[in-house]
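If you want the building blocks of each chain, they are given just below.
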Amino acid sequence: MKGCVFDIRHYSVHDGPGIRTSVFLKGCPLRCRWCHNPEGLEPEPVQVCRERQAGGKTIRNTETIGKSMTPDEVVKEVLKSRIFFEESEGGVTFTGGEPLMQPEFTEACLLLMKQEHIHTALDTCGYVSPDNFIRIAARADLILFDLKHCDSGIHQQFTGVPAGLVLTNLRASIEAGFPLIVRIPLIPVFNLSTDTLISMAGYLRETGWSGRVNLLPYHHIAIHKYEKLGMDYGMKNIRPPSAAEVEQAAKIFRERGFVVNIGG
Amino acid sequence: MNERISLLRQNSLDAVNRISGERAGLVTGFYRQPFVAALPVPVQRGMALKHIMQHKCLYLGQGELIAGERGPAPKAVPTYPEVCVHSLQDLDILDSRPKVSYKVDEETRALYRDEVIPFWSGRCVRDRMFKALPDTWKKAYQAGIFTEFMEQRAPGHTVAGEKVFGKGMNDLMADIDLALDKLDYLNDMEALTKAEELQGMRLACEALVVLAGRYATLIEAQIPVEKDPGRCDELLEMAAICRKVPANAPETFHEALQHYWFIHLGVITELNPWDSFNPGRLDQHLWPFYSREMAAGTLTREKAIELLQAFWIKFNNHPAPPKVGVTAQESNTYTDFCLINVGGVKADGSDAVNELSYLILDVIEEMRLLQPSSMVQLSKKNPDALIHRAIRIIRTGFGQPSVFNTDAIVQELMRQGKTPEDARRGGASGCVEAGAFGTEAYILTGYFNLPKILELTLNNGKDPLNGKQTGPQTGDPALFSAYDEFLKAFRKMLQHFVDIKIAGSNLIEKIWAIHMPVPFLSSIIDDCIANGRDYNAGGARYNTSYIQGVGLGTMTDCLTAIHEQVFWRKRYSMATLLKMLAANFEGYEDELAVLLYETPKYGNDDDLADVHAKEVFEAYFEAIDGRKSPRGATYRVEMLPTTCHVYFGSKIKALPDGRLAGKPLSEGISPVQGADRKGPTAVIKSAVKFDHIKTGGTLLNQKFSPDFFRDETAIVKLGQLVRAYFRMDGHHIQFNVVSADTLRKARQHPEVFSNLIVRVAGYSDYFNDLTPELQEEIICRTEQEQL
Chain A
0 MKGCVFDIRH YSVHDGPGIR TSVFLKGCPL RCRWCHNPEG LEPEPVQVCR
50 ERQAGGKTIR NTETIGKSMT PDEVVKEVLK SRIFFEESEG GVTFTGGEPL
100 MQPEFTEACL LLMKQEHIHT ALDTCGYVSP DNFIRIAARA DLILFDLKHC
150 DSGIHQQFTG VPAGLVLTNL RASIEAGFPL IVRIPLIPVF NLSTDTLISM
200 AGYLRETGWS GRVNLLPYHH IAIHKYEKLG MDYGMKNIRP PSAAEVEQAA
250 KIFRERGFVV NIGG
Chain B
0 MNERISLLRQ NSLDAVNRIS GERAGLVTGF YRQPFVAALP VPVQRGMALK
50 HIMQHKCLYL GQGELIAGER GPAPKAVPTY PEVCVHSLQD LDILDSRPKV
100 SYKVDEETRA LYRDEVIPFW SGRCVRDRMF KALPDTWKKA YQAGIFTEFM
150 EQRAPGHTVA GEKVFGKGMN DLMADIDLAL DKLDYLNDME ALTKAEELQG
200 MRLACEALVV LAGRYATLIE AQIPVEKDPG RCDELLEMAA ICRKVPANAP
250 ETFHEALQHY WFIHLGVITE LNPWDSFNPG RLDQHLWPFY SREMAAGTLT
300 REKAIELLQA FWIKFNNHPA PPKVGVTAQE SNTYTDFCLI NVGGVKADGS
350 DAVNELSYLI LDVIEEMRLL QPSSMVQLSK KNPDALIHRA IRIIRTGFGQ
400 PSVFNTDAIV QELMRQGKTP EDARRGGASG CVEAGAFGTE AYILTGYFNL
450 PKILELTLNN GKDPLNGKQT GPQTGDPALF SAYDEFLKAF RKMLQHFVDI
500 KIAGSNLIEK IWAIHMPVPF LSSIIDDCIA NGRDYNAGGA RYNTSYIQGV
550 GLGTMTDCLT AIHEQVFWRK RYSMATLLKM LAANFEGYED ELAVLLYETP
600 KYGNDDDLAD VHAKEVFEAY FEAIDGRKSP RGATYRVEML PTTCHVYFGS
650 KIKALPDGRL AGKPLSEGIS PVQGADRKGP TAVIKSAVKF DHIKTGGTLL
700 NQKFSPDFFR DETAIVKLGQ LVRAYFRMDG HHIQFNVVSA DTLRKARQHP
750 EVFSNLIVRV AGYSDYFNDL TPELQEEIIC RTEQEQL
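Residue numbers (numbering that gives the first Met the number 0), protein chains in the order written: chain A, 0 to 263; chain B, 0 to 786.
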């Protein structure tokens, strides 16, 4: 069995507890306008033109983003950071793209990691078949569940898909008692309004859950990736939220009983 | 900081670095006296120090709490003509060079022209050295294969042990008298030599008492004219302290600092040892005074901080003695490498961190001075609070404190034969050099250019810079059929030049031992008094000579390229590779791209490259470790560059790793600038693939984007990264927290960024004081950012 991996990054310090290695799996069912990893959207490897400097000359060649790997190969690479996991109670985070777009591969990797006693986190957008979701999520030690909006129409407008399946899987995770962190990107013009944030907090309360909420303020560092991929960046004119706006958002969730982190 | 400290600090920052001819004049005047030549050399040296201390100009700044300057004023830097007599041209260069200049006035120039140069030419250590050194050594030196630390400065790398804080000059003189009494002229054939050495030491101790007495008198004279009653009280106390120390052992916190400071001045006035002098484990040495006084209620936290801050400013007033030529290029900075140690373990192996450790870290953060440099010793036994506190200072971006692995240092020192207790009393000084504080003379002899050896091997001993046959013919590499043949040739070339370096060092060491003993330094380092032997002649309990290897990253990537692309994949023949190098890759840009981007690189946790790091290190280690020197020292290796990677790079044409002609080499054990692309964990994993315990120090630089620290968990996670490195026996790591963007702006608008301090290699410096090459090198280092 092979999966398509577009990056394995060590010393990842914002995707779960401790020092982590993030495995980026290709393919995503969503098309969020602010996506930070556009190179991971398509399930197949993509070719990009790469320019590099050599002795004052610019050398152009094509680079393939996305590599076919076996679960064993992934594990071998991840385990290079074992000593850092041990020092920090860290581990591996499967992210992407959407790792559950490659359900068998992700499941196989999770199982192998468990055999190595490595803490596993699964970063998911939740827009996947509920059967696969529950079965595979149950194998991870922590779910990083991305919640973007509770209004299905707006969700569809900005991410390309309705919210229903996402919310179903979120509820299922809470009911199953999975260790969970809800991650909410703070995106101006999309979900940064007080009303939207209050309704999201309300939705989470209503599911009966009151754990950790990580707020991830939008930034536009990914813009150069769009240029490289020859893709249009739909967020060019959107400025990142101010510190005050981020604090206001945090306050909304804190006041409703959630443990709030900025970032992570 | 309070107003007084703020003023003293600003005065120190504003003072202009200049040459003072005072010491040169005094020492020349002393030696010209007809009776001097008849005296035994150590006695001459002791008397010379006393002469300087009797006649030098004293300085007491407004509001100062710690008295004493080496020169007549802050940043007025003396010269040491008995070591190296500067020519008038040297003085012009020092005065006018764009970076690290020292102003020279007409009076000093005249003094040099009329008195200093005529007297010391041919007589100073440097002239004696160059007269005695063989041509083979000189050729290799000129080719940039190695440098020589002792050509303009005295042997040093010495750090104060507990004794310095526990004994006064009177106690040392009593020890000296006892040793003199014990001399056995019947059975000890060296007895007279020892007696002369001990007499020199006694005179040197007296010199310090003279200096302190003169300061007491100066301060007392100011009391009647001082209008501020508060300052009057301070002056009274300061005068009393100067009457007491360093003649007697200190009893209070203030006395301890003043006592050390006089001793510091003694060492750096006697001669100009590399790395000035160093109080070493300051939180340990001061703890008895601090805790006693705090318990008795005679000292407050605020007062202790103020005194420490005043002490810090004293170091900043003392730039390195002027360096010229190659010595300036290998260590191009005003910094004189006094490295304050905080943390670590006690002699019994237990956690040494105390309240004072954190207090000193507060002082480091608030003072934000280049000197003294500072470091944290981190043992597995130390609490995480220590490293977290240190990282909070590192985050502010002035490169201090650096972080050292106590447990590795102890292992390194014990491998060299120190007792566990002496090893635990040690730490690191200079940039990263491990030593047993108070008991060891660990003398750095110079940097060694590993990639130059590779270049000579690639050219069968010819130096492509001038076409001259510089090394032995180790074989035409185009005829080698396997990588091992190439490696064998490299090792042969390496051994050839290591032998030349060691032979030269042995000779130089002997010249120092005979002609330039240091009786004062000897009196404070164990066991020079008991042995009746000078520090420069092997009198210390432990004696080590280091040769510092430079360019590990560059070397590794070169060997990887040769192994991978020439012998393994056979992508290029050796002949083609040599053509590319000769052409500086002009017309070979596609091949250059392959070497740069499609060849494994050190720093990425890739065994295909890292195996060669181990290979280079082992070759270097085996060529040097365990060799003996005339003073009974053992040669060992270290891996650090200061600024020598820039100088060495200027002596090498293009290399197989894709480095272009003349560009800097990699620094310390860090990867080639920009070659590490997999983050800091991969760098660390690569860096521990050779055994740091077999060194006396390795230097790893990491540059982090300020963005990394945007949330608090970064502090913890960086601490864990350091802990993991140390668990794998990493020796040292230091961090630059500044973005390349800021550095680029600073290069364009130096006036706006005059306060920007960056980590170079083993020390911090003002970005504006760095040469353009070094500025560029730091900008090119990989910036670790995690988003």
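For the record, the hints were derived by calculation from the structure and aren't laboratory data.
Bear in mind that the values here come from a model prediction, so they are computed numbers and not experimental data.
You may find that some hints are simply not true.
Only some residues are given here: those of chain A computed to face chain B with a beta carbon under 8 angstroms [stated by the list, open to error]:
no. : residue
1   : Arg-8
2   : His-9
3   : Ile-18
4   : Ala-53
5   : Gly-54
6   : Glu-62
7   : Ser-80
8   : Tyr-202
9   : Val-258
10  : Gly-262
11  : Gly-263
Glycine included, every Cβ here is placed at the ideal spot set by N, Cα and C.
Hint by hint, here is what the structure shows:
The closest approach between the C-beta of Arg-8/A and any C-beta of chain B is roughly 7 angstroms, which is under the 8 angstroms cut-off, so the hint is satisfied. For His-9/A, the suggested interface contact is upheld, since its CB lies about 4 angstroms from the closest CB of chain B, less than 8 angstroms. Proximity of Ile-18/A to chain B holds as hinted, the smallest CB-CB distance being about 6 angstroms (cut-off 8 angstroms). At about 4 angstroms, the closest approach between the beta carbon of Ala-53/A and any beta carbon in chain B falls short of 8 angstroms, and the interface hint on this residue holds.
The beta carbon of Gly-54/A comes within 5 angstroms of a beta carbon in chain B, closer than 8 angstroms, and the hint placing it at the interface holds. Interface hint at Glu-62/A: violated, since its Cβ lies 10 angstroms from the closest Cβ of chain B, which is beyond the 8 angstroms cut-off. With a least beta-carbon distance of about 5 angstroms to chain B, the hint placing Ser-80/A at the interface is held under the 8 angstroms criterion. Evaluation of the Tyr-202/A hint against chain B yields a violated restraint, the C-beta minimum of about 26 angstroms exceeding 8 angstroms.
At about 14 angstroms, the closest approach between the beta carbon of Val-258/A and any beta carbon in chain B exceeds 8 angstroms, and the interface hint on this residue is violated. Checking Gly-262/A against chain B by beta carbon gives a least distance of about 5 angstroms; that is within 8 angstroms, so the hint holds. Residue-level restraint check for Gly-263/A holds (minimum Cβ-Cβ distance to chain B is 7 angstroms; threshold 8 angstroms).
The earlier numbered hints that this structure contradicts are 6, 8, 9.
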